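Peer 1: Each chain, written out:
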Amino acid sequence: MLDAGRHPNIHLLAYSQVEELKGEVGNFTVRVRMKARYVDENKCTGCGTCAEKCPTPVLDAYNRNLAHRRAIYKYFAQGIPSVYTIDTEHCRQFQGKKCGVCAKVCQAEAVDFEQQDRILDLNVGAVIAATGYDLFDASRIPEYGYGKFPNVMAAIEFERLLSAGGPTAGHVVRPSDLQAEEACRSLDKQILKLSRSLDSLEKKYGMSSKDFLDRPADVKPDPQDDLVRWSELYKEHQDLVIARDALKEKVEHSHADKLAFVQCVGSRDFRFNAYCSGWCCMHSIKEAIIAKEHNPETQSYIFGMDIRAVGKGFEEYKIRGGKDSEITYIRGRVAEITETEDHQPVIWYEDTRERKVKHLPVDLVILATACEPSKGTRELAEILGVELDAYGFIKSDPSHPVDTSVPGIFTCGCAQSPIDIPESVAQASSAAARAAEAVLSRKAAA
Amino acid sequence: MSRDILIIGGGIAGIQAALDLADMGLMVHLVEKLPSIGGKMAQLDKTFPTNDCAI
Amino acid sequence: MSNSEAKPRIGVFVCCCGSNIAGYVDVPAVAKYARTLPNVVLVQENLYTCSEGGINEIKNAIVEQQLNRVVVASCTPRTHEPLFRNSCKEAGLNPYLFEMVNIRDQCSWVHMKEREKGTEKAKDLIRMGVAKAAMLTPLDSVELGVTHSALVIGGGIAGMSAAESLAGMGYPVILVEKQRRLGGLLNQLHKIYPGARDPRALLEEHVDRVTKDARITVITDAEVQSVDGYIGNFNVGVSSDGRTRLYEVGALVVATGATVRQPPDGVYEYDGRRVITQIQLERRLSEGIDPAPRNVVMVQCVGARVRERPYCSRICCQIAIKNALEIRRLFPDTHVSILYRDLQMYGVANEEMLRKAKEAGVRFMYYDVDRPPEVENEHVKISHQLLGKELDLPADLVILSTPLVANEDAPRLSGLLRVPLDANNFFLEGHVKLKPLDFASEGIYLCGSARYPANLAESIAQGLGAASRAATLLSKEHLYTSGITASVNPESCVGCLGCVQTCPFQAISFDPEQGVCKVNPVLCKGCGTCAATCPSQSIQLMGFTPKQLYAQIDQVLADD
Chain A
407 MLDAGRHPNI
417 HLLAYSQVEE
427 LKGEVGNFTV
437 RVRMKARYVD
447 ENKCTGCGTC
457 AEKCPTPVLD
467 AYNRNLAHRR
477 AIYKYFAQGI
487 PSVYTIDTEH
497 CRQFQGKKCG
507 VCAKVCQAEA
517 VDFEQQDRIL
527 DLNVGAVIAA
537 TGYDLFDASR
547 IPEYGYGKFP
557 NVMAAIEFER
567 LLSAGGPTAG
577 HVVRPSDLQA
587 EEACRSLDKQ
597 ILKLSRSLDS
607 LEKKYGMSSK
617 DFLDRPADVK
627 PDPQDDLVRW
637 SELYKEHQDL
647 VIARDALKEK
657 VEHSHADKLA
667 FVQCVGSRDF
677 RFNAYCSGWC
687 CMHSIKEAII
697 AKEHNPETQS
707 YIFGMDIRAV
717 GKGFEEYKIR
727 GGKDSEITYI
737 RGRVAEITET
747 EDHQPVIWYE
757 DTRERKVKHL
767 PVDLVILATA
777 CEPSKGTREL
787 AEILGVELDA
797 YGFIKSDPSH
807 PVDTSVPGIF
817 TCGCAQSPID
827 IPESVAQASS
837 AAARAAEAVL
847 SRKAAA
Chain B
173 MSRDILIIGG
183 GIAGIQAALD
193 LADMGLMVHL
203 VEKLPSIGGK
213 MAQLDKTFPT
223 NDCAI
Chain C
19 MSNSEAKPRI
29 GVFVCCCGSN
39 IAGYVDVPAV
49 AKYARTLPNV
59 VLVQENLYTC
69 SEGGINEIKN
79 AIVEQQLNRV
89 VVASCTPRTH
99 EPLFRNSCKE
109 AGLNPYLFEM
119 VNIRDQCSWV
129 HMKEREKGTE
139 KAKDLIRMGV
149 AKAAMLTPLD
159 SVELGVTHSA
169 LVIGGGIAGM
179 SAAESLAGMG
189 YPVILVEKQR
199 RLGGLLNQLH
209 KIYPGARDPR
219 ALLEEHVDRV
229 TKDARITVIT
239 DAEVQSVDGY
249 IGNFNVGVSS
259 DGRTRLYEVG
269 ALVVATGATV
279 RQPPDGVYEY
289 DGRRVITQIQ
299 LERRLSEGID
309 PAPRNVVMVQ
319 CVGARVRERP
329 YCSRICCQIA
339 IKNALEIRRL
349 FPDTHVSILY
359 RDLQMYGVAN
369 EEMLRKAKEA
379 GVRFMYYDVD
389 RPPEVENEHV
399 KISHQLLGKE
409 LDLPADLVIL
419 STPLVANEDA
429 PRLSGLLRVP
439 LDANNFFLEG
449 HVKLKPLDFA
459 SEGIYLCGSA
469 RYPANLAESI
479 AQGLGAASRA
489 ATLLSKEHLY
499 TSGITASVNP
509 ESCVGCLGCV
519 QTCPFQAISF
529 DPEQGVCKVN
539 PVLCKGCGTC
549 AATCPSQSIQ
559 LMGFTPKQLY
569 AQIDQVLADD
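Chains as they are written, first to last, in this note's numbering: chain A, 407 to 852; chain B, 173 to 227; chain C, 19 to 578.
Just so you know, not all the hints are guaranteed correct.
[To be verified] Not the full set, but computed from the structure, chain A residues with beta-carbon under 7 Å of chain C:
#, residue
1, Gln484
2, Gly571
3, Val716
4, Gly719
5, Glu843
6, Ser847
[Claimed, not checked] Taking lysine to aspartate or glutamate and the EDC-like style, the derived pairs with C-alpha atoms no more than 20 Å apart in a straight line are:
#, chain 1, residue 1, chain 2, residue 2
7, C, Lys77, A, Asp409
8, C, Lys374, A, Asp795
9, A, Lys428, A, Glu785
10, A, Lys554, A, Asp748
Just so you know, the hints here were simulated from the structure itself, not pulled from any lab data.
Please read all numbers here as calculations on a predicted model, not as lab measurements.
By construction, the Cβ of each residue, glycine as well, lies at the ideal position given by its N, Cα and C atoms.
The following block holds chain A by itself, in its conformation from the complex (with noise of 0.2 Å):
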């Protein structure tokens, strides 16, 4: 990323996206339309004040809605450019409500309210599609509960629970227990917002709570209403205390030891994807690696019908996770994934191997979720005039595996056909190669 940002031979155009192509290899125009962040790129030094102060939280997508970021934001910390971003869906300026606190704490006077999209023409002999990867969406399976079942999560979700920079640091912690620990913290500010009016109370009175409430007969309180006031507030504490600790409770003896990672969702299904998503068996033996480097008593089952490992060097990694870390391969697709009291998961599936119809309690279901088209995937094609696949990925013909239908157009990655990281990066290298081609013969016919 660094080095494509300090590239003198790369214009990065990020926070933009392609609106019109004409002409032909050799000779394209594009019209790139670069929205506004309302920060000006060229005095923002990417310090993060002005999102210290944002008083907006909004749900962060990079981190797959488990945390927070502000309405000012960067996209992940170590993003290129390392520039802040306005989302004026959230802004509380641009919704019509006062604010302006980045613009009065950037020390480089980089907030521009005012600032306009715009527009770029370009001339190019050669174009690059890659455009990657949109996950499925698992709430199209309801039998698996995905929405419903906080301790079902999707694969890409629980990446950013391992994740160092990610919203709990890297621990495995179940969504439910995140829940009653947010629970917890909302409690206990009601807790605190209690506590000073009984303090004032007590204050008042000069005695604690509950001596007042075993006062003797002839202690009366003035007005009157101050001793129904007392006792409601303090049978209230009472109330939230216990609740709290009980969550607290409940959440330290909460483990996330057991993982269940189901294959196949929504890809080899005839309802949703009929093909198979390439890299997510060798990303859930991974996840079962990492999750148990973080959690020695972690035990993971995979259940998938079957596990490609086709790569170099993914059969040993596979085998090598099952000895090492604890994984079971069962060899059968989950029927139907539902919850206990304390939202346990229960993996309901037929083991293909022993002929068995069987169900798992586990602590925490990862689905691993089909690899689809990126958004957009499909405007972009009619924008640039290349055909798709039939399952909307970019069409290319195996003898011109990064060929597109139009001359001089190329594609890579993802925005192809579902691949792994090894194969984009060579891929892409393949893209660049055409793309060369095309345009240094063309000068070289010129």
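Put chains B and C on the given structure of chain A with help from the hints.
Peer 2: The following block gives chains B and C in isolation, referenced to the frame of chain A:
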């Protein structure tokens, strides 16, 4: 006529293609719709099979 | 840099590397300790020192704190040392006044369960690094020219694709092929899928292109005999027609493919007649099978994913299913069964082919690795897991899907090129994830099944990819070598020739006039073997001199 190249998408594939072409001395315009490049790989913790960090 | 003669002012940057280091080592404690070390004027902790933020901090610190030495305690130099060196250079500091301390691979990763000891070790490592840093001296690089042409070893589909692409970009290419014909394994295929296409057409297209392209020189029936030189300046000796010719090129591409493993006789009753391999089936299908077989049984993973050969050969399931579809197409009355452990039909096109095969009536049966099928005279016995019983499948033709294995002469070529092989003798790329088509040695690139089994589309893509990688080198006018090379002190050298004999890169020569040895800094790879050999320490490796190393050793042995 132009020798410049437009790359749409700043994930690992787009970045690698951009670097190759830039290293060949060609001018690359790398367009990314999100506020920063890095794509899905930036959301990963470690990558298989070497367990190197994704960043 | 004049400031290198001044008293050392060392900046230490301790990286958390996300949780890779910070999860197992007490980084704040380590940073605190680093502040107490001699000559250290600045210590910083970073979440990711290699990020833009981290790099900027280093550069700013060099300028603002007048640092004349930088120590980064993080991952392995193999990942980011060049980045850090460049950053120092950009800030005006000689890039060799930089020392990297590996507290990840050599510390946090191996002491995950021993936080205290790991932390103490990290402190020791940094103490050593700081001591060495104080003794570093600025070093220079050498400027090299580049020959703007390439040599591709291997004329199969990957090699041809690489050659075509490089020629298309304007570079002359020598394409060396061992066999009489170009095309490699493609020559032996009956059909390619999807679409039951004729591989000959594809082959002709490519052979036509490479032979007609004025920039490509095709040499068949040829072998690489010698490789001298270095990145941008290779001299390759190629023998053909009884003669050896030398070619000067700037980059090399390894596209030598792989070999289909033939099982030893008897394994699964292999006899080359009734029990054959997939590649033999391809030939039979091309020649025409008459009479048609009645029952074909294919067995997957024969000699693959087993202890002697643990890898999955990636393409055998695709090949089996392709051939099964062919058989069903040619002989609609023939039954085909495929016995498998996992159906490795990854991705979009393969999964579709699997579906088509099922629709075409091919039967798939899962077998457990511990209960493999048994081939008998007229049957194949399978312990059918899903039905829970033993089945006798009638089989008048049995096809064994065997893996691709590394070519027999891979070790020879690896020795000539001085590039490594992995545990399965496939060529080992620079980084399995981020540099799949490069070698760690510069100027040499890799594609196709020489790296790992690859299907048609993958081989073509990788061939193109290797061309792109080579072009990033060939497009340059000049290259700069590393400054870490050996150097001889002529005063103390007695010309014993110990270093000359031990140098693996033939980088040292003897000057008879002066009676001393001399290092060619361009050939020198900085391995240090010479320095370890010299009895008088006359030849030393810059950046790893005895004084610097002893300073580190002293620190290890010192009490805290």
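Peer 1: Taking the hints in turn, state whether each one holds.
Peer 2: Now for the hints, and whether the structure bears them out:
1. Gln484: holds, 4 Å
2. Gly571: This interface hint holds because 6 Å falls under the 7 Å limit.
3. Val716: holds, 5 Å
4. Gly719: The hint holds - glycine 719(A) has a Cβ within 7 Å of chain C, the shortest such distance being about 6 Å.
5. Glu843: holds, 4 Å
6. Ser847: At about 5 Å, which falls below the 7 Å cut-off, the nearest Cβ of chain C leaves the hint on serine 847(A) intact, so it holds.
7. Lys77(C) - Asp409(A): holds, 15 Å
8. Lys374(C) - Asp795(A): holds, 17 Å
9. Lys428(A) - Glu785(A): holds, 15 Å
10. Lys554(A) - Asp748(A): holds, 14 Å
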